[in-house]
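Asks: Read off the chains here:
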Amino acid sequence: MTSNMTAPSTEQITIAHDDQQKRTGMLERTSVRIALPLLVLLFFVLALQTLSVMGVLNPITFPSPLDVFAALGDLITKGYFWEATWITLQETLLGFAFGAGAGLVIGALTGTFKTFRVALYPFIVAFQNTPRVALAPVFLTWFGFGMESKVVMAAVICFFPVVINTVAGIAGVDENAKTLFRSLGATKTQAFFRLTLPSAAAIAFAGVKTALTLALLGAIVAEFVGASEGLGVLIKELNFQLEVAMGFAVVITLAIIGLVLYGLIELAEKKLITWVRD
Amino acid sequence: MTIAPGVTTTKGEAISLVSVGKTYQTATGALPALVDVNLDIRAGEFVALVGPSGCGKSTLLKIIAGLIPFETGMVSVGGEKPKEGRRDIGFMLQQSVLMPWLDVKENVALPFRIARDSGPHVGARVDQLLELVGLSHAASMRPWELSGGMQQRVALARALALDPGVMLMDEPFSALDEFKREHLNIEVAHMADTIGKTTILVTHSISEAVLMSDRVIALGVNPGRVVGDITIDLERPRSSDMVSGKRFQELSNEVRDALAIGMTGEAK
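Going line by line, the protein sequences match chains S and Y. 1 is the number of the first residue of the first sequence in my numbering; add one for each residue after it. 1001 is the number of the first residue of the second sequence in my numbering; add one for each residue after it.
Calculated directly from the structure, the hints in this document are not laboratory data. Where hints are given, some of them may not hold.
As the list claims (entries may be wrong) - In silico BS3-like links for lysine-lysine, alpha-carbon gap of 27 Å or less: (1) Y/LYS1083 <-> S/LYS114; (2) S/LYS188 <-> S/LYS178; (3) Y/LYS1081 <-> S/LYS188; (4) Y/LYS1081 <-> S/LYS178; (5) S/LYS114 <-> S/LYS178; (6) S/LYS78 <-> S/LYS178; (7) Y/LYS1011 <-> S/LYS188; (8) Y/LYS1011 <-> Y/LYS1081; (9) S/LYS178 <-> Y/LYS1083; (10) S/LYS236 <-> S/LYS78.
Unchecked claim - Computed list of chain Y residues with no C-beta within reach of chain S, every gap over 10 Å: (11) LYS1180; (12) ASP1193; (13) LEU1234; (14) VAL1243; (15) SER1244.
Every residue gets a Cβ at the ideal spot worked out from N, C-alpha and C, and that includes glycine.
Sequences and hints are given; from them, build the entire structure.
Replies: Structure representation (structure tokens):
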């Protein structure tokens, strides 16, 4: 078998390598990292707007991006919108605080003590693989239509990724480092605070980041199931009234809340866990 | 590496092992790791443990450090039984095992923190040790900013932090390239000459063992046991030029022959 391909010269390889490095370098620039996704967004908005103008999309069930932006502009002038946003935000943050806090404590106990691991881990794994949103009606029965049932749902949904990641982080502590601490005569408490905790922090924090976005999901799902206020309730009511553009505007609000929360938690991660390299 | 005044004050301690035996329990049954190991190491002596993988040299080092139990025999370090956390034993591992959340200075000070010693002398001591290992300029750097050789120097400074009488080194240079390895071999050998600690070095490398130590203990496999005890009579201070010398080659061959016996299962 013969081939027309010839092996590239060292010079060609060097030039190709330089080009690749330039591209990688450009992608590292903050301006490019902001502009590129914005361009993608702009492309989709323009595409949807074009399809709406051409009459391909039904304006009642699939409003144009311009209609959605107009609805959003209208919505932010309404007091009930900000009240609903504040309710959902409270449910999300309280659920996150309880769920992630409990996840870190139970994860630390499960990862550190074998008795806890043997006793609890099978249940944690079993629950992790169960669709936890199915519990929303149960929580509604137990805790009522108020904020409590939403906070509990948000807490339960964000508890598991934190537990699983904390246990994984503790299990991943370097054995050589453990040997070193033993050779230095470290007590279990010293080893936990000076080795286990900082070693596991990066992986545990990845779970915390996931948990924050899941907390918002939990709060909205719980509001769908049964509530009198909140952004989930607003989406449901607007859809019943066929105010689909307004409904989409609320979804955009949720996306913005999710992005802001994620940005804040990333910032906290960068401030707290300074030793993890990209 | 120059020795700053006051860096080390504690001199070496004698180590004695009498008929030491260690068996690991595995899924397939009992696996004897060490059988009837007898060793007398003088205070201030530099001893290298050499042998193939599975000969139990790291196990032996961990027994001396008090990190793992043994079933038979007797071990004494400075006249006392080994146990975890003895301040007079410094331990250095194959990896530098530096804490990435601490800077170089804080890594060297770690043994003091664990010993709950936060006195004003700690800072001065850490400065002295960093000077000893040639890393004063890197005191506030993070581990990931250091080369492999620099990381091992930090680990060495940390092992010396509490001024132990005994230094146990478990293949500390095996992750380094050949050039850095030889360079550090010579530096540590010079340092050992000056500070007079009892040092046990575990290594796979015959030339590293001969270049650095006063005595090479060759270990055989199946089970792990002493198959050779070779006195290294090369003059000190050691230098890399010695590696090509006739006496160095003779001693290396002597160690090699002992290890060959160890592989065939015939104990000395």
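Asks: If a hint holds in the structure, say so; if it doesn't, say that too.
Replies: So, going through the hints one by one against the coordinates:
1. Y/LYS1083 <-> S/LYS114: Roughly 24 Å between the alpha carbons, so the hint for Y/LYS1083 and S/LYS114 holds.
2. S/LYS188 <-> S/LYS178: Between S/LYS188 and S/LYS178 the Cα gap is close to 10 Å, so the pair holds against 27 Å.
3. Y/LYS1081 <-> S/LYS188: Holds: Y/LYS1081 and S/LYS188 sit about 22 Å apart, inside 27 Å.
4. Y/LYS1081 <-> S/LYS178: Holds, at about 22 Å.
5. S/LYS114 <-> S/LYS178: holds (16 Å)
6. S/LYS78 <-> S/LYS178: violated (58 Å)
7. Y/LYS1011 <-> S/LYS188: violated (31 Å)
8. Y/LYS1011 <-> Y/LYS1081: Given pair Y/LYS1011, Y/LYS1081 holds - Cα atoms ~18 Å apart, limit 27 Å.
9. S/LYS178 <-> Y/LYS1083: holds (16 Å)
10. S/LYS236 <-> S/LYS78: holds (17 Å)
11. LYS1180: holds (20 Å)
12. ASP1193: Holds: least Cβ distance 25 Å, greater than 10 Å.
13. LEU1234: holds (31 Å)
14. VAL1243: The claim stands: Y/VAL1243 keeps its Cβ more than 10 Å from every Cβ of chain S (closest is about 30 Å).
15. SER1244: At about 35 Å from chain S, Y/SER1244 clears the 10 Å cut-off, so the statement holds.
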